[in-house]
Amino acid sequence: MLYQILEALEAANGLVSLNELSRQLQIEPGALKGMIAFWVRKGRLKNIAVSGCAGHRRGCTCGAYPEGCVFSTAGPRVIVLNDS
Amino acid sequence: MTTVEMFINQAPFRYPSPIETELSHLAELFAQTPALAVYPPRWLAIQALEGDESLLNDIRELGGPAVAAALDASLERLHEIYGDDLDVALVDQRYRFVHTIAAQAVRRPVEAPVTLSDRIDRVVTHRWLGIPIFLAVMWVVFKLTTDVAAPFVDWLDGVLSGPVSRWTVALLAMVGADGGWVESLLVDGVIAGVGGVLAFVPVLLSLYFALALLEDSGYMARAAFVMDRLMRTLGLHGKSFLPMIVGFGCSVPAIYATRTLDSRRDRILTGLLVPFMSCSARLPVYVLIAMVFFPTSAGQVIFGLYLTGIVVAVGMGALLRQTLFRRQPQAPFVLELPPYRMPTLRGVWRQMWERTSSFVRKAGTIILATSIVVWLLLAIPIGEGSFAETPVDQSAFAAVANAATPVFAPLGFGRWETSGALVTGLIAKEVVVGTLMQVYGSAAEESSTPGDEPATLADDLTSIVNGFGEAIGAALRALPGIVGINLVHAEEEPVVEGLAAAIRTGFAASSGGHSTLAALAFMVFVLLYTPCVAALAANRHEFGTSWMLVSLLGQFAIAWLAAFVVFQGGVLLGMQG
Numbered sequence: 001m002l003y004q005i006l007e008a009l010e011a012a013n014g015l016v017s018l019n020e021l022s023r024q025l026q027i028e029p030g031a032l033k034g035m036i037a038f039w040v041r042k043g044r045l046k047n048i049a050v051s052g053c054a055g056h057r058r059g060c061t062c063g064a065y066p067e068g069c070v071f072s073t074a075g076p077r078v079i080v081l082n083d084s
Numbered sequence: 001m002t003t004v005e006m007f008i009n010q011a012p013f014r015y016p017s018p019i020e021t022e023l024s025h026l027a028e029l030f031a032q033t034p035a036l037a038v039y040p041p042r043w044l045a046i047q048a049l050e051g052d053e054s055l056l057n058d059i060r061e062l063g064g065p066a067v068a069a070a071l072d073a074s075l076e077r078l079h080e081i082y083g084d085d086l087d088v089a090l091v092d093q094r095y096r097f098v099h100t101i102a103a104q105a106v107r108r109p110v111e112a113p114v115t116l117s118d119r120i121d122r123v124v125t126h127r128w129l130g131i132p133i134f135l136a137v138m139w140v141v142f143k144l145t146t147d148v149a150a151p152f153v154d155w156l157d158g159v160l161s162g163p164v165s166r167w168t169v170a171l172l173a174m175v176g177a178d179g180g181w182v183e184s185l186l187v188d189g190v191i192a193g194v195g196g197v198l199a200f201v202p203v204l205l206s207l208y209f210a211l212a213l214l215e216d217s218g219y220m221a222r223a224a225f226v227m228d229r230l231m232r233t234l235g236l237h238g239k240s241f242l243p244m245i246v247g248f249g250c251s252v253p254a255i256y257a258t259r260t261l262d263s264r265r266d267r268i269l270t271g272l273l274v275p276f277m278s279c280s281a282r283l284p285v286y287v288l289i290a291m292v293f294f295p296t297s298a299g300q301v302i303f304g305l306y307l308t309g310i311v312v313a314v315g316m317g318a319l320l321r322q323t324l325f326r327r328q329p330q331a332p333f334v335l336e337l338p339p340y341r342m343p344t345l346r347g348v349w350r351q352m353w354e355r356t357s358s359f360v361r362k363a364g365t366i367i368l369a370t371s372i373v374v375w376l377l378l379a380i381p382i383g384e385g386s387f388a389e390t391p392v393d394q395s396a397f398a399a400v401a402n403a404a405t406p407v408f409a410p411l412g413f414g415r416w417e418t419s420g421a422l423v424t425g426l427i428a429k430e431v432v433v434g435t436l437m438q439v440y441g442s443a444a445e446e447s448s449t450p451g452d453e454p455a456t457l458a459d460d461l462t463s464i465v466n467g468f469g470e471a472i473g474a475a476l477r478a479l480p481g482i483v484g485i486n487l488v489h490a491e492e493e494p495v496v497e498g499l500a501a502a503i504r505t506g507f508a509a510s511s512g513g514h515s516t517l518a519a520l521a522f523m524v525f526v527l528l529y530t531p532c533v534a535a536l537a538a539n540r541h542e543f544g545t546s547w548m549l550v551s552l553l554g555q556f557a558i559a560w561l562a563a564f565v566v567f568q569g570g571v572l573l574g575m576q577g
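Chain order of the listed sequences is A and B.
The first sequence begins at 1 in our numbering and counts up one residue at a time.
The second sequence begins at 1 in our numbering and counts up one residue at a time.
Chain B extracted, bound-state conformation (with noise of 0.2 angstroms):
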């Protein structure tokens, strides 16, 4: 508890002697000038003298010639004594009067007091704990954005893929639109493509209400404190870690954010290194693969994913810390630790609705527009067939696809469904789902038996009504999965059907059977290599395209062989999959 004293002494405040001297002189040939009778005196001769441009261009307007001569003297004589810091002569002064003056009345524990933020940092913070606290956030976030989430990702594609499409196909019939290529573009291309995508939407909106509970509660600025002083041990700037955090967002913004480092080659080396932070367009792609292959413990394949994606870029770091960036001296930094506060509801969904409004108008546009691409060039027959009419993998795309496809045999994923989904993943890494769905949908289309699909639209509204309950019954069922306790029971794992089927008969066609040792290859290739065009323009745009190339061509050697790795690497010992 502070008090204060009742009674303070009188205590003069003066500038130092040669100061004080100048502003009696100076304050005094103010007060015998009519034109500046405006302004106090005293203050305007320490306003002068502390060099406000305003009211010294005053001075020497109203006080004429005589007024801006000794101004001018006066300065001159300082200058000689304090140089260009008078300013700051005088402000320290002010600094340390009130310093001394708080001394003498301000009475302190012997201790200071110990406030809730300072006891949460001494644990948040810590030098062994942090870390590990950090990877446990992080592990809660990816349980809550992959367990929580899929149920209502299974029930948002079912009703794309089921009542959407269906709707749309009956809207088409009324017109006289349906059968042909028409119908096409909008079910296989559009829905299957931009639908596939936004069907991901509630796994967004879970990371992003994680992420925007860690930022409003302060925790981020421990993230990037704690992390700090890992990276530093390895050789890097620990302020790389700031543009990285930004990274799990958008690789984008990340990279325009190296511009808080301060040599140019920090920038350059921290802009090699924030597209291996996994950016959230490339969640959709893991969340669809790992939701085919590793439905019982995607969280923690994605968890996986995320600090592979750390160690990946914090090691990289430290290598061409050794080599092409060698060790240069770090510039000491502040870093202010905002205290720890409740976040607001109305502050996290403002930043929910921010980023995922963002996501679908992405969907909207730039996936909209890929998936109308792949979607002709599926369309365009190569072999048999007529347009719009033709099997995928006699297609334009299959064609074009099959070219890439010799690159990536050996990562277990040598197909053309795969090549062309990696490729025009180029584009933005949510299109990778898009594509995926769109040729893969097809084959789905083909393996499919006729089921009890809803006759109605009765039927299907209540058939959308009855998911969405259902939905939340899992995530319900699912929340205490984050803290261990599994409420879901062995026979609720799902059936694998339809285009999951189709996805990991694929996989194991390519993979000669290991398909789920190719599965991950493949993610660990979508976490690697370059996240999209948008983050080459931004690295040519800070970097030039020199250091763009050495981007594209580096991160894509380094995805590939660590997919190799991992494929090859598991086959050799003889993993299942």
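Chain A with its partners taken away, still in its complex shape (with noise of 0.2 angstroms):
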């Protein structure tokens, strides 16, 4: 089960939403969110979340404001392969 998550991962073309994948492997979207988690921590996929300033407080808006970049909460989550 969980080598289908990577199969249909690298079978797509592009952008999937977690619902369409869900529907596709006919897996609970909770359930494969904990799958999704497990290659993550396996370091076969990325957890990509848009993070703004990646750390960095530089930049006009970004070094203007004490708690850092103001618009880094603006991504969806997004889950890559990871090829490195």
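Read the hints as simulated data drawn from the structure, not as lab findings.
Be aware that one or more of the hints could be misleading.
[As the list claims (entries may be wrong)] Selected chain A positions facing chain B (in silico; Cβ < 8 angstroms): (1) Met-1; (2) Leu-2; (3) Ser-17; (4) Leu-18; (5) Leu-21; (6) Leu-25; (7) Val-40; (8) Val-80.
Everything numeric in this text was worked out from a predicted model, so none of it was measured.
The beta-carbon is built from N, C-alpha and C at its ideal position, and this holds for glycine as well.
Combine both chains into one complex, guided by the hints.
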């Protein structure tokens, strides 16, 4: 089952939503999230939520707010195959 | 509706045979080892085979050499079968078991239940409707940020340039410092420069309110999903649009967000495109110019500028993909579309506050410093006059800005005022507004006639409160305009006077009477040239000096060409303005 996720992702052409993947593999979204989390821990997938300044508090807007980038929360969670 | 069977047959859980054999062997060994008695033996064996480093160390240290050797032998035998994926085999078997049990125990409807989020997504992420809906959402956002916020901008601008300036002069008079360079620095430098930018806080509050609503409701993730399709059609990486969405807020985090892309080439390409997305710092410039030249259609003009930014970014991306960055196979990715939810007042307010306060902090630092430098250059006489009393067109600022004027002359805004504003705009885009306020403010003062200004503090306070009430009324009347119902009568169109008249006159003089076309070209140039030095620094940090220079020069060339096409094309077509 776990390998199905990697295979489905390798076969996908570009973006696939979590719900689409859940329907395609007939796995509950909750279980699928857990399986993806396993592969992320294992290093085969990467969780790359858009992280704004990526920890660098440089820049006009980012540097102006003590808590860091104020635009960093905009991005959704994105999972990719980790080829490195 | 999902129902659970009350009785589930005994379903023994077993790992594949080679694993079970080793598990039984190890569990028995651990059970016989008193030092490991604290752990359940089978659980400990499973954790050991899954590679839990901490427990493996405990087993080796507490169990002694014989247990360690047996453990290593088991691991070696299993690695011969499963390689490095022994833990995967264990976890996979558990998921299979749970899946089988769930399949037997849970009765599901033939068709999966359709949630409200699913229903909305069918429309919002529809192949053909998705992009028009995205554009419609953007339309509403920019109508809100211009039409509704405009009365508050006028009010705040009036307060800063009227009562606040008068109070400052009065306070200086009390300490005997009025009429000199200190008054000029505070009124013409700080209040005109920083105050001129701060007057646009209502616009940014509206923009951040709309962005917070879109983010908190879950729509932003759908926008990325919808744009992915378009981007892929044009040969671009769908993931590129994620940093681009951040770029609507600020180019700097958007450049850093390119790290989400896999290959360096994709990151560089996206880093080159991100600055074309119109960041929030450019919005005050659009609002100022659009309100002067397009008072009845400012929302449409600003919407068009944002759309132009997207089109240029996507078009340039497609072009670069065919040339410098030939298409590489795209890595697939999974995007989590969170369920739609009602944004909370607290969450929306937090985002509005954080982002607006960040803008205000910037006004108090970078913009303040730049305003003082601009004032200083405006105060230094090159021709006639003395320090702080020279006509602005005889100042050092005018002389320096004049050097750049020939570059902008074919674009319709070849005057020192606009050239100077564009050059200082490299520090931060809001500075363009501050500089225009400073250089045109003097001209507006010279041409204005003394009016019925309130004489007392009480009069000032009354006019501030009344003005705010009128702004609320005007904003409420503008609200239905978002959906096309116009409650603002034609006679309410603002009379062009003061600063607006000075800006109009300046653009008319530099464009041979085509001031509207020149203003449009000016906004296109502001949209497309380098956002700020911080964005350049981010570019250099991420991609190196060479790519930073490519970005700087490339954006300038594209901005110049686009503005040239707008102005000269409009003149050629005989467009009025």
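Hint validation: Met-1(A) versus chain B, beta carbon distance must be below 8 angstroms. Holds or violated? OK, holds: Met-1(A) within 8 angstroms of chain B, min 5 angstroms.
How about Leu-25(A): closest beta carbon in chain B under 8 angstroms, or not? Check failed: Cβ of Leu-25(A) comes no nearer than 10 angstroms to chain B, outside 8 angstroms.
Restraint outcome when Val-80(A) is required to lie within 8 angstroms of chain B by C-beta distance: holds, 4 angstroms
Does the closest beta carbon of chain B sit nearer than 8 angstroms to the beta carbon of Ser-17(A)? holds, 5 angstroms
Proposed interface contact between Val-40(A) and chain B, which counts if any beta carbon pair is under 8 angstroms: This hint is violated: Val-40(A) lies away from chain B, its Cβ roughly 11 angstroms from the closest one there, beyond 8 angstroms.
Holds or violated: is the Cβ of Leu-18(A) closer than 8 angstroms to a Cβ in chain B? At about 5 angstroms, which falls below the 8 angstroms cut-off, the nearest Cβ of chain B leaves the hint on Leu-18(A) intact, so it holds.
Quick check on Leu-2(A) please, does its C-beta sit within 8 angstroms of some C-beta on chain B? holds, 5 angstroms
Would the hint on Leu-21(A) be counted as holding, given a Cβ-Cβ threshold of 8 angstroms to chain B? holds, 6 angstroms
Violation of the numbered hints given earlier is confined to hints 6, 7; the remaining hints are satisfied by the structure.
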